[in-house]
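These protein sequence lines are chains A and B, in that order. For the first sequence, position 109 (counting from the first letter as 1) is numbered 109 according to this note's numbering, and the numbering increases by one without interruption. Take any residue in the second sequence, note its place counting from 1, add 1000, and you have its number in this note's numbering.
Keep in mind that the hints were calculated from the coordinates and are not lab data. This one's a predicted model, so the numbers in the text were calculated from it and none came from an experiment. Where is the CB? At the ideal position from N, CA and C, for every residue including glycine. The reader is advised that the hints may include incorrect statements.
[Claimed, not checked] Here are the simulated BS3-like cross-link-like pairs (lysine-lysine), alpha carbons at most 25 Å apart as the crow flies:
hint: 1; chain 1: A; residue 1: 267; chain 2: B; residue 2: 1137
hint: 2; chain 1: A; residue 1: 498; chain 2: A; residue 2: 510
hint: 3; chain 1: A; residue 1: 403; chain 2: A; residue 2: 460
hint: 4; chain 1: A; residue 1: 498; chain 2: B; residue 2: 1378
hint: 5; chain 1: A; residue 1: 362; chain 2: A; residue 2: 267
hint: 6; chain 1: B; residue 1: 1096; chain 2: B; residue 2: 1378
hint: 7; chain 1: A; residue 1: 498; chain 2: A; residue 2: 397
hint: 8; chain 1: B; residue 1: 1364; chain 2: A; residue 2: 498
hint: 9; chain 1: A; residue 1: 498; chain 2: B; residue 2: 1199
hint: 10; chain 1: A; residue 1: 267; chain 2: B; residue 2: 1322
hint: 11; chain 1: B; residue 1: 1096; chain 2: A; residue 2: 362
hint: 12; chain 1: A; residue 1: 556; chain 2: B; residue 2: 1137
[Said to hold, decoys possible] Not close to chain B: a few residues of chain A, all C-beta gaps over 12 Å, as computed:
hint: 13; residue: 141
hint: 14; residue: 319
hint: 15; residue: 446
hint: 16; residue: 556
hint: 17; residue: 568
[What the hints assert, rightly or not] Partner residues aside, some chain A positions facing chain B, computed with beta carbon under 7 Å:
hint: 18; residue: 217
hint: 19; residue: 220
hint: 20; residue: 221
hint: 21; residue: 225
hint: 22; residue: 262
hint: 23; residue: 316
hint: 24; residue: 499
hint: 25; residue: 503
hint: 26; residue: 594
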Amino acid sequence: MKTIPAGLLRISLCMLVMGIISCCSVFAMETADSVLHLDEILVSANSPRKLATVQELSGAELQSLSTTSIADALKYFAGVQIKDYGGLGGLKTVNVRSLGAQHVGVYIDGIRITNAQNGTVDLGKFSLPTLESVSLYNANKLDVCQSASEYASGATVYMRTRKPTGDSLSVTARLASFHTYMGRVNAQFCHNGWSGFIDGEYLNSKGDYPFRYKSQYEDTVGRRTNSDIEYGRVEAALFKNGFSSHAYYYQSERGCPGGIVRRLSDKYNNVGREWDRDLFVQASYQQSFAEKFQLKLNSKYAHEYLRYCTDYLENQNTARVDNHYRQHDAFMSVSAAYFPFDMLAVNLAYDARMSWLDADLKMFCPVRRVDQKAVAAVQFNYRSFRGAASILYQHFKDHTRLKVGAADPLSRFTPSVSLGYTFRNLTLKAWYKSIFRAPTLNDIYYTQAGNRNLKPEYTKQFDLGAEYSYSSPDWFASVQADVYVNHIDDRIVCLPVKGTYTWSMMNYGKTYCRGLNMTASGRYMSGPWNFSLLTSLTWQRDLNRTDPSNENSYNKPICYSPTLSFGITGIAAWRNYSLTVSELHVGERMWSYADPEDVLSPYNNVDLKLSANFSKVLASLEVNDLFDVQYEHIPRYPMPGRNFRFTLTYIFF
Amino acid sequence: MSHRSKLLSFLSALLLPLLSFAQERIILLNEGNWQSDNGKITYFEDGKIVSNQWFRDVNGSKLGDTPNDIIAVNDNLIAIAINWSNIVQFITPDGKAVAATEDVPNNRKLATDGDYVYISSYGHECRVGDKYEEFTKGFVAKIDATTFKVIAAVEVGYEPEGIAYYDGRLFVANTGGYAFQESHEYETTVSVIDAATMKVERTVDTGQINLYGKMSQSGKYLCINSPGNYYEVPAAAIILDCEAVIAGKPDKECFVSLPYAATYSCVTTDGRFYAIGSRYSYLTGDYTFNYISIDPEIAMLTEGLDGIYEDFPGTVLADIKKIGMPYGLYVNPYTGYIYATDAAGFVEGGTLYQWSPEGKLLGKHGVYINPAHFLALKPDNYTGGINDVIADPADSDSPLYNLQGIRISSPTPGQIYIRNGKKYIYKQQ
């Protein structure tokens, strides 16, 4: 790190210690942003924060990847499976270590993005340019002053908004394959300790990509229809010292394409259309008192509107569904940290969330859920040893005028414990976490599916990990490896009710999962040259342990889960130019146990991004799926093949 | 080897399957998963699965998405309704694709009089001849089994499901099953259509909503399932007397409604119905199972007070009760062998159970995902008759197909063709 000034080096080290950023940034252009982390409350270098198992993409690396959304960035992390129905408009969710998408908490600036209706967050709705970093924590982040909900998921994704460091105004335009047009305006300021930005983005895409299915039994060639999307997003944020706030509005209309099935004509039916309007405003405030206390307040209000129509205007022959869903969500949390001694931190927090869901479904009644959480956590460090333990209490109570009443209240305690030992650059750690996801409002109340008698879906995770890092003036390298065992009990799934033609949510399924996650990264700098290599590898064996009497499925791998996947990203930067090459390999996945032919083929995806960065103009050219590999995440939902994106940003000041 | 002996061995290879006199020949439709394009046919012969992807093996192509019903049109032709592919597929009894039509989208269930195929549809448009007809509610289409074209269609209730042919009429059970999503209410009626004119003759109100699922026919009696709305209205089974309907008796004298679910039903060789299913309510989450056999004549006479039994032969009842996820029930009308399927967890292959007519469990066989709909083929050298299968009487007038399953109007002498499901060498007539 020869070229980085000493002061900056210190900051970078602090960030390393904090665990906020696992690898320090080497790009000079990022320095301005990094400085702002000084505002964060730092504790001593031996802070227990590094205990958490974390992967992070930040700063220049994050922006160097060829990505359109958070989901694209997360696929480079070990242990992550993306579920994607294809196209720009397709729902994108992440599954971490096979726990299932609903066990992944997604946080923006420390406050959870929730969806009381279905419990999943569509990561396609969040874009990267306003973010400083994206991190994935297995289990949860281990900060000294966290809200209770930050402890309440099996895996957590943190999106961290970039704080402006000066005044600027820029416009961006993008032209991409499949009739995709995007425009973006960003204005930011920084005065008298206040900083903030307004960012607006508009995108329109037809998403009409070609696909081909060729096998022994078919040669189907077509062009995806109803995969279009149009969205507008406006975000604003305001920061000062311990105060941060964020407002977000997203509006979209999109097609929901169906599976490609046999048709005599080449007409592939559309499944539906969806209109979204999402709004949230959030604020948090953080203050230290006398170096012994820390206090953090979070608040948030969110409104979500969703209209879903089956596409009967174009397809006269399916059910004419036209439903509107409205959700309101109000959230407050108060967290306190107390440091009685140098080596001990105590964290107490209480969160309350109220969610309302209304829908014009038949046999549906508005539901209100009160979700309260409290946590008591301790973190200690003694010489090279560190530890953390927490006990989380969650209480859910629903209110509805439904004739048969709401589901019974749910309350549970769940523990987690982490231990670590550091010897020079090597850290060994072990952790255990038990957590559940409560049945969502859809799971319980949705017309002709909901089940009031659902139990929570539990996960138990065990992890043993090691981290090693090396740095010299020119070099930085780090390796991280974790082996883990997960149990998932009482999976909440929708299944037909025995002896009927109707479906219901049920607790059905146990999963036993063993795996290895590895990441290795290295950086080398020499004069105007910067080289980075980021790699991740996941080996996973997850087994269906649902029904010992069913020899067709018991102890078979979980559907859609690859045994092996890995990603390699190389970034080469020279002066104002940079080239990123990424290769992602996803191994074979079975999607049913019924036929050995029911597998999704392994695939390799190679993406390229070339960018040039001049003082007023930034230009980038991306080629995704360079070799035009035809692949799918869900059978019969083809993904787009090779596509291009050209992006131009002009900075006025 | 001379050309002649080559030809002889070729012919004997062709004829061998016929000479083996298969008795139990069952076609089973595996629905697969919705939108996964993995509907598959199981072909089962004399205690063995011949193939779990019979259509693919025979034709080298896929069947389509969610096959929903299968019937024998005549001795040469089988029709399959492939719901989400919007296809009605015609095959020969040896599995060869003959023709397919896309004119009846969102098709559901099939009936036939031997010359025409009648098919119910939830859709609102149908191509009749060269133009599209539109319907507010659902419709029934009439397909000519020689041209494979829709020649007429008639509107019935919303979401018509089960369909049966009896004495020149079609009996169509209307579900109104989209009522929980659309603005209309559930239907309670059976539409009666004159099959020749394709006009609705009469509408019988059963007083039970949502006449959904499998409809079984035993002579003049139909067994119709009403799952209720899965909330306050419980499931019911309706026994309908088609002759009473045709005779113009008042609605109430045409049927009897029984407090059982007939989710999966079939006809026995002595004319009873087997009906299994459960009455389920989302309000309580409780479900009660029933496994019954119904004597329709006694049930009608006693207004449901008698004629309902729990007497399945041998171990059939005990075995079915152990099935995790029953998904189909069938009695081979030619031989009396009993079949049921288990869909298990819906991502693994299901299981086919076979019992002898006396109810002895003969075997369990692994099949594909969601095995649901059965068709028994006539045993080789079968001479008996069945009430509701109308065989084509005029043998020499039956359509002729080549080995690729394509219908041939001017055959070449000396070539091998298929007529009435049998291969033979065409001679100059």
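* Was the hint right that residue 503 of chain A lines chain B, CB cutoff 7 Å? -> violated, 10 Å
* To do: Would you settle whether the hint for residue 262 of chain A is holds or violated, based on the nearest Cβ-Cβ distance to chain B being less than 7 Å?
  => holds, 4 Å
* Asked: Can we keep the residue 594 of chain A interface hint, with Cβ of chain B closer than 7 Å?
  -> Interface hint status for residue 594 of chain A: holds (4 Å vs cutoff 7 Å).
* To do: Double-check residue 221 of chain A for me: the hint is only fine if its C-beta lies closer than 7 Å to a C-beta in chain B.
  => This hint is violated: residue 221 of chain A lies away from chain B, its Cβ roughly 15 Å from the closest one there, beyond 7 Å.
* Is the Cβ of residue 568 of chain A more than 12 Å away from each Cβ in chain B? -> holds, 32 Å
* Interface restraint verdict for residue 316 of chain A against chain B (beta-carbon cut-off 7 Å) -> holds, 5 Å
* To do: Using 7 Å as the Cβ threshold, decide whether residue 225 of chain A counts as touching chain B.
  => Since chain B brings no Cβ nearer than about 15 Å to residue 225 of chain A, farther than 7 Å, the hint is violated.
* Taking the closest Cβ pair, is residue 499 of chain A under 7 Å from chain B? -> holds, 3 Å
* 25 Å Cα cutoff - pair residue 267 of chain A, residue 1322 of chain B -> violated, 43 Å
* To do: Starting from residue 556 of chain A, check that the Cα of residue 1137 of chain B is at most 25 Å away, please.
  => Violated, because 45 Å separates the two Cα atoms, which is more than 25 Å.
* **Separation of residue 556 of chain A from chain B, once the least beta-carbon distance is taken, above 12 Å** => Its Cβ does come within 12 Å of chain B, the nearest being 8 Å, so this is violated.
* Is the interface hint for residue 220 of chain A satisfied, with its Cβ closer than 7 Å to some Cβ of chain B? -> Check failed: Cβ of residue 220 of chain A comes no nearer than 9 Å to chain B, outside 7 Å.
Checked against the numbered hints above, the structure violates hints 3, 4, 5, 7, 9, 10, 11, 12, 14, 15, 16, 19, 20, 21, 25; every other hint is satisfied.
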